[in-house]
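Novice: Model the full assembly from the supplied sequences, consistent with the hints where possible.
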Amino acid sequence: MQALFKKFQKDIKAILFIGIAAFIALALFSYSPKDPSFNSMGSKLSPANYCGWLGSFLADLFYQGLGISSWLVPLAFLRLGIGTLRGQDVRLRSLSIVWLTLLIVNVSALTAFYFPLARLFNHEIFLSGIIGLSVSNVLYKLLNFAGLQIFLWSNLIILVLFYTEKSLQQWGVVAKNQSSFLVSSLIAMKKWFAAIAPEITPKIKEKKAKSEKEAKAAAKEASGESDNLRDWNSKAEEISKLTQLNFFDEETEVNIDAAPTAKDDTDRMPKRKVIMKAKPPKKIENWDMPKLSLLDDPPLTRVKLDEKEIRKKAEILTDKLKHFNVEGVITDAKPGPLVTMFEFKPNADVKLSKITELQDDLALALSSESLRVIAPIPGRDVVGIETSNSRRETVYYKDLLAEDSFWSDDLKLPIALGRQVNGDAKIVDLRKMPHLMVAGTTGSGKSVLITSIISGLLFRHSPKTLRLILVDPKQVDLAAFAKVPHLIMPPVTDPKKAVSALKWAIREMEKRYKSMSKFGARGLESYNETVANLPADKIAEHEKINQEYESQGVMKLEQYYYQQLPYIVIVVEEFGDLMAVDKQNVEHGVVRLAQMARACGIHLILAMQSPRKEVVTGLIKTNIPGRVGLKVASKMDSRIILDEGGAERLLPNGDMLFLAPGVSKPMRHHGPYLSEKEINGLASHWSMQAEPEFDPIAVKALEGGFSEGGGGSGAGGDEYGGGDEDYDEMYDQILAWAAELKEVSASLIQRRFRLGYPRAARIIETFEREGVVGPANGSKPRSVLIHVMPER
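Under this note's numbering, residues 1 to 792 are what the sequence shown spells out, in order.
You may find that some hints are simply not true.
Here are the computed distance ranges between Cβ atoms for each label pair [what the hints assert, rightly or not]:
| id | residue 1 | residue 2 | range |
| --- | --- | --- | --- |
| 1 | 662 | 534 | 32 to 38 Å |
| 2 | 351 | 514 | 56 to 62 Å |
| 3 | 514 | 619 | 21 to 27 Å |
| 4 | 52 | 533 | 53 to 59 Å |
Read the hints as simulated data drawn from the structure, not as lab findings. Keep in mind it's a predicted model, so treat the numbers as computed, not measured. C-beta atoms are modelled at their ideal positions from N, C-alpha and C, and glycine is treated no differently.
Specialist: The structure is reproduced here in structure tokens:
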């Protein structure tokens, strides 16, 4: 056996050295900050590191202590293994270990000076490690800048010579040999290219000629705009200097091109020219998409996880439950920004209702501001116990938008809700929900959540692919977005006018459905694809007809769209105020849009402070399955918005429960923080490029002068189907008929002209406003006060 070992001694040593190098390299490569380590309990039961628990702790130790220079360790072991295979006398001499250690520390100190901090593994970490940072700071105080550079670089060269046991002359020979090898490789590659050149040259010339032809055509097409672009770009530079907000930098902070789309370039964030809005207002086709540099960077120092505190809470929970004869074990703890969720697995003889009844007792035992029991966690055999952290971490909006999932082409209308209990980002698609309802008391973070939703949409979409309708009765929550070019109409601040905005949206929905039906499209995306391939002459012909009607402020439902259509998102702040002013018409409009508008790209976001049953009616709840409950006043409010209690136990400032469509249990998330400066910066980025170009028909509808030329619902039309509330196309005819009578009523008009009752009643109200008839007299007909038709 001894002879056999002696025979393969070198091979065994080489395999061991190379194996250790591979293990350490793999552990460093698969390092995750969420894995268990010496100063972190981790958010998962098993580490994600490819080398398991040992790899997780080892990688964390290397990165925290030495930083990126830790990679010299596996390289050193690899050198030992290769040297052994070559037959060299390789030993782990103590002096070599000393030189290697000093070399790693020296490289770490250099890294601390040149690259102190970088974003790796989706977290900010020190590339130098704690040791390198400390050494660099001490030497800087002693030697200052120039002395530190000379010392570290000189020391680096000396340590390399000592460790490798090669002189500078020997290193020169190595460099010469390597350069000779490189030159010979380049010569061989040149010969290979010369051999295949006759085959590929004609193809390259053909492609080059084709691209030059396309470039000339594009240049000719854009020549008419070159002068304006030059003026606008110079104006953009002046404004950029005046504003101290770096709106027009060319850096790209997110790799959006990882998942490109060939059909709609506006969903991505490519580098684009800055085009300023010239006056008078003119349409702009090219938009400078906002960069993430508009948002504030999160602080470098984050709240550290206290493993001892989590273990202590787990023991208290187990003891307290055992005190009430609830036996079981805590299998996992998932710390998040605001709360930590403990997974408790009860024994088979324990009733879940017994655990839920102990919420207040457990909160008292832990001295917790907020404690919530999820019994059980959906799809699991454990009970979730969420308790608030003593030290809380803010969720920053820039962190969420840096997630790759936010820029995925699969999400057309992405919403960055926040972070889940385990710290993972939660990004959802409004298009798939397809509508959202948000409720939360003052201080719950409702307004910040709404502004963050709008901001996310503005980061992803230009006015070409997204239009907004903002209803803000308080006139302050959405005021920052009052001048963005995405608006269809001015922000609606009068609750009475909100009904007109909903009526316009319904007519727009009907027109879109007629257009989609004409082309056989089942959704907005397929319709846009179909229209994109229409002949230009056909589009121009129908656009001319549409413009004639738009110039008159008339929406004719018989007309069709022949161009690509944007998504429309209607955001309503303080929905309760709208319901208090005109409950019947507001509910009617919201329900109709919620039921039908999804496929044509119109989506609703309703926000309210108090989700009373008078505000969130059964019809509205049924048709808006996506709901967010922030902290509410009572358990009853929580049941109305989420169909169960729990929202009353939430923390303020963004703590929320999100009930996704098709899910039975709401999940807890922590909303992002978005400062007023960031919101104003984003809004200014868009408003500086263009002024809002409101839809003339929408503006006319908002002002109460919206007439429908196409008849809409015809004679049987109602509040949302035929005519407007101030003027009816049959008004003059009915007025002439009424002037010949002594008395008139809505039911009489209804029978005589075969109208719907709401339409007839509206005409009677108009008669009373204009002095045609007298006031109501119970159930009796109204007296006619004129006998000659007045001029309108």
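Novice: Is the gap between the beta carbons of residue 662 and residue 534 within 32 to 38 Å?
Specialist: The hint (32 to 38 Å, Cβ to Cβ) holds, given that residue 662 and residue 534 are roughly 36 Å apart.
Novice: That 53 to 59 Å hint for residue 52 and residue 533 (C-beta), does it hold up?
Specialist: holds (54 Å)
Novice: Between residue 351 and residue 514, is the Cβ distance one that fits in 56 to 62 Å?
Specialist: holds (57 Å)
Novice: Given a hint of 21 to 27 Å, does the C-beta separation of residue 514 and residue 619 actually sit inside it?
Specialist: The hinted range 21 to 27 Å holds for residue 514 and residue 619, with Cβ atoms some 25 Å apart.
Hint check: no violations occur; every hint is consistent with the structure.
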